[in-house]
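Undergrad: As a plain string of letters, each chain reads:
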Amino acid sequence: MRPRLNPKIPEGINTSQENLLVEVIMLLLAVVSSIVALIVLLSFIAQIIAPRTPFRWEQSITQWIEVMPKSKDTENNSAAANAEQALNSLSERLSKSMKLPADISLKVHLLESGTPNAFATLGGHIFVSTGLLKTLHSENALAMVLAHEIAHIKFRHPIQALGRGALFQFLLQLVTGSGNSGTLYNIFGHTGFLTLLSFGRDMERESDAEAVLILLKHYGHLNGADEFFVTMRQNQHKDAWKSFFETHPGTEDRIAYIRAKISATSATHNSLQALDSALDLVESALD
Amino acid sequence: MESLIQLGIFVTLMVLGFIFGRRAESKHYKSIISREDRYRHILITNEKLPAPEFISHDSGMVTGNVVISVDYFKVVAAGLKSLVGGRLTAYESLLDRARREALLRMQENAEELGALAIINTKFETSRISGNAGKGLGSVEVLAYGTALTPRC
Amino acid sequence: MLISNIEVIPGKRITDHLGLVQGSTVRAKHAGKDLMAGLKNIFGGELQGYTELLQESRQEAVDRMIVQAQAIGANAIINVRFSTSAIAAGASEILAYGTAVRLNDR
Numbered sequence: 001m002r003p004r005l006n007p008k009i010p011e012g013i014n015t016s017q018e019n020l021l022v023e024v025i026m027l028l029l030a031v032v033s034s035i036v037a038l039i040v041l042l043s044f045i046a047q048i049i050a051p052r053t054p055f056r057w058e059q060s061i062t063q064w065i066e067v068m069p070k071s072k073d074t075e076n077n078s079a080a081a082n083a084e085q086a087l088n089s090l091s092e093r094l095s096k097s098m099k100l101p102a103d104i105s106l107k108v109h110l111l112e113s114g115t116p117n118a119f120a121t122l123g124g125h126i127f128v129s130t131g132l133l134k135t136l137h138s139e140n141a142l143a144m145v146l147a148h149e150i151a152h153i154k155f156r157h158p159i160q161a162l163g164r165g166a167l168f169q170f171l172l173q174l175v176t177g178s179g180n181s182g183t184l185y186n187i188f189g190h191t192g193f194l195t196l197l198s199f200g201r202d203m204e205r206e207s208d209a210e211a212v213l214i215l216l217k218h219y220g221h222l223n224g225a226d227e228f229f230v231t232m233r234q235n236q237h238k239d240a241w242k243s244f245f246e247t248h249p250g251t252e253d254r255i256a257y258i259r260a261k262i263s264a265t266s267a268t269h270n271s272l273q274a275l276d277s278a279l280d281l282v283e284s285a286l287d
Numbered sequence: 288m289e290s291l292i293q294l295g296i297f298v299t300l301m302v303l304g305f306i307f308g309r310r311a312e313s314k315h316y317k318s319i320i321s322r323e324d325r326y327r328h329i330l331i332t333n334e335k336l337p338a339p340e341f342i343s344h345d346s347g348m349v350t351g352n353v354v355i356s357v358d359y360f361k362v363v364a365a366g367l368k369s370l371v372g373g374r375l376t377a378y379e380s381l382l383d384r385a386r387r388e389a390l391l392r393m394q395e396n397a398e399e400l401g402a403l404a405i406i407n408t409k410f411e412t413s414r415i416s417g418n419a420g421k422g423l424g425s426v427e428v429l430a431y432g433t434a435l436t437p438r439c
Numbered sequence: 440m441l442i443s444n445i446e447v448i449p450g451k452r453i454t455d456h457l458g459l460v461q462g463s464t465v466r467a468k469h470a471g472k473d474l475m476a477g478l479k480n481i482f483g484g485e486l487q488g489y490t491e492l493l494q495e496s497r498q499e500a501v502d503r504m505i506v507q508a509q510a511i512g513a514n515a516i517i518n519v520r521f522s523t524s525a526i527a528a529g530a531s532e533i534l535a536y537g538t539a540v541r542l543n544d545r
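Protein chains in written order, with our numbering: chain A, 1 to 287; chain B, 288 to 439; chain C, 440 to 545.
Hints are supplied without guarantee of correctness; some may be wrong.
Unchecked claim - Straight-line Cα separation of at most 25 angstroms, BS3-like style, residue types lysine-lysine; simulated pairs: (1) A/K107 x B/K335; (2) B/K335 x B/K409; (3) A/K8 x B/K317; (4) A/K96 x B/K409; (5) A/K217 x B/K314; (6) A/K107 x A/K8; (7) A/K217 x A/K99; (8) C/K451 x B/K335.
What the hints assert, rightly or not - For each label pair, taking beta carbons as the anchor points, the in silico distance ranges come out as: (9) B/R309 x A/S113: 37 to 47 angstroms; (10) B/P339 x A/E23: 26 to 36 angstroms; (11) A/E18 x C/N480: 30 to 40 angstroms; (12) C/G450 x B/E340: 47 to 57 angstroms; (13) C/T523 x A/S34: 27 to 37 angstroms.
Read the hints as simulated data drawn from the structure, not as lab findings. Glycine included, every Cβ here is placed at the ideal spot set by N, Cα and C.
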């Protein structure tokens with residue numbers, strides 16, 4: 001005899017009763033730790049490979065990827081063009097003091113931005129913001145910043161950071177599913193590329209050490225080298241927790257490092273070099 | 288800083304997905320169970336031939352479909368799980384809900400016709416992509432069968 | 440538990456039609472096997488990893504269907520059908536469903 005009713009089937013046969021949250025947290029931890037391990041491993045490999053790749057490859061990358069922020073056309077602004085030229089000649093003088101491999105060419109660009117900033121990117125391009133020029137008062141201080149960025153390029157840090165950043169992005173997409181992080185990527189995509197090139201703390205320390213050497217060779221003393229960092233310290237209103245995520249060594253540490261080097265040279269009475277007049281001009285022209 | 292914001296958004300979406308997804312799921316299950324009780328008198332089988340007692344009934348096709356979407360938390364959970372392999376529990380409950388909902392809607396349809404039984408029931412499952420790339424966006428489950436209505 | 444995909448079991452008589460039972464599962468292989476399958480796709484041939492995956496899933500779906508049938512007191516499932524759908528990349532959903540019945544020897 002056929003019963004009139006559908007059977008009442010117990011719940012939970014076609015679904016699992018495991019605790020999803022615990023599982024996800026465990027898996028997330030496992031994935032994050034293996035990503036970290038992978039990044040450490042790969043950046044170690046990159047450290048070995050990067051200095052051996054021809055610089056020409058790096059330059060050709062910049063031609064088809066948009067690495068450079070759109071700097072406003074400095075051509076029609078003669079003050080800015082002169083300042084850029086002054087920056088380039090300074091970087092040329094500095095690079096003569098170091099053993100820069102023959103195939104590396106440097107190009108300094110002036111970036112019209114109020115925030116004091118300078119960074120090096122792929123293909124030997126260095127960007128210096130007008131805000132930075134405004135805060136610095138001697139050539140020595142500017143030379144310290146420039147030498148630091150030149151050191152980044154000498155050690156091929158941009159290409160290493162590119163590899164690491166791309167890997168990190170790729171893994172992030174793999175985990176979160178490309179569809180969903182795709183929208184995130186679109187939001188941050190256009191600002192994302194340059195920030196991918198954030199260097200590790202060890203890279204910054206390496207560059208600081210190299211910059212100090214260059215300055216010593218070029219000027220014979222280190223006076224004024226810490227000016228930029230001292231100004232930075234004054235303008236800092238950062239929370240303590242943020243500095244944990246910062247890639248640069250703490251400003252305090254850098255000042256301490258440079259001061260230690262200054263006292264080691266014992267040439268304290270040397271006078272500072274004045275900024276190139278073209279750089280002074282651009283400050284007033286942009287005001 | 289950008290990556291920190293990205294991480295923040297990721298965590299927020301996860302938490303939102305977890306809370307709301309969980310709430311929606313338990314609510315849906317509650318409603319499924321109560322409606323299953325209500326429509327228990329419409330017997331569903333997938334036999335091709337009607338049982339002898341229904342031999343002189345009218346027949347007509349009934350369908351029920353539902354499109355159900357997955358929350359962010361489950362996408363991440365399943366994405367992580369598929370790295371190591373095994374059962375994707377996050378999607379199992381989703382499909383279980385979808386299938387039972389489709390059956391219920393088919394029963395609702397049958398009730399409108401005054402049917403007493405549905406035979407030759409079949410399922411069709413399809414993934415509706417477009418709103419998601421690699422992960423599961425939403426699935427459609429269609430249940431269809433032949434309803435047997437007493438001849439008047 | 441007798442499982443069959445025909446409706447009339449030879450030598451048996453259906454005494455009770457209990458209704459629809461179903462079992463389903465979603466499974467995935469680990470990322471390494473996904474990668475291997477992707478490579479194998481270039482050359483063609485059997486994707487051993489996925490064959491295994493679907494076989495496991497199908498077995499599990501059938502097992503779950505049987506659990507449902509046992510829970511409602513059936514001793515056979517007739518007219519069993521399988522349906523497979525690709526749910527997400529590398530993951531497949533298998534559904535097995537049939538009519539739970541009680542059989543007697545004729």
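Undergrad: Hint by hint, which ones does this structure get wrong, listed from lowest number up?
TA: Violated hints: 1, 4, 5, 6, 10, 12; rest satisfied.
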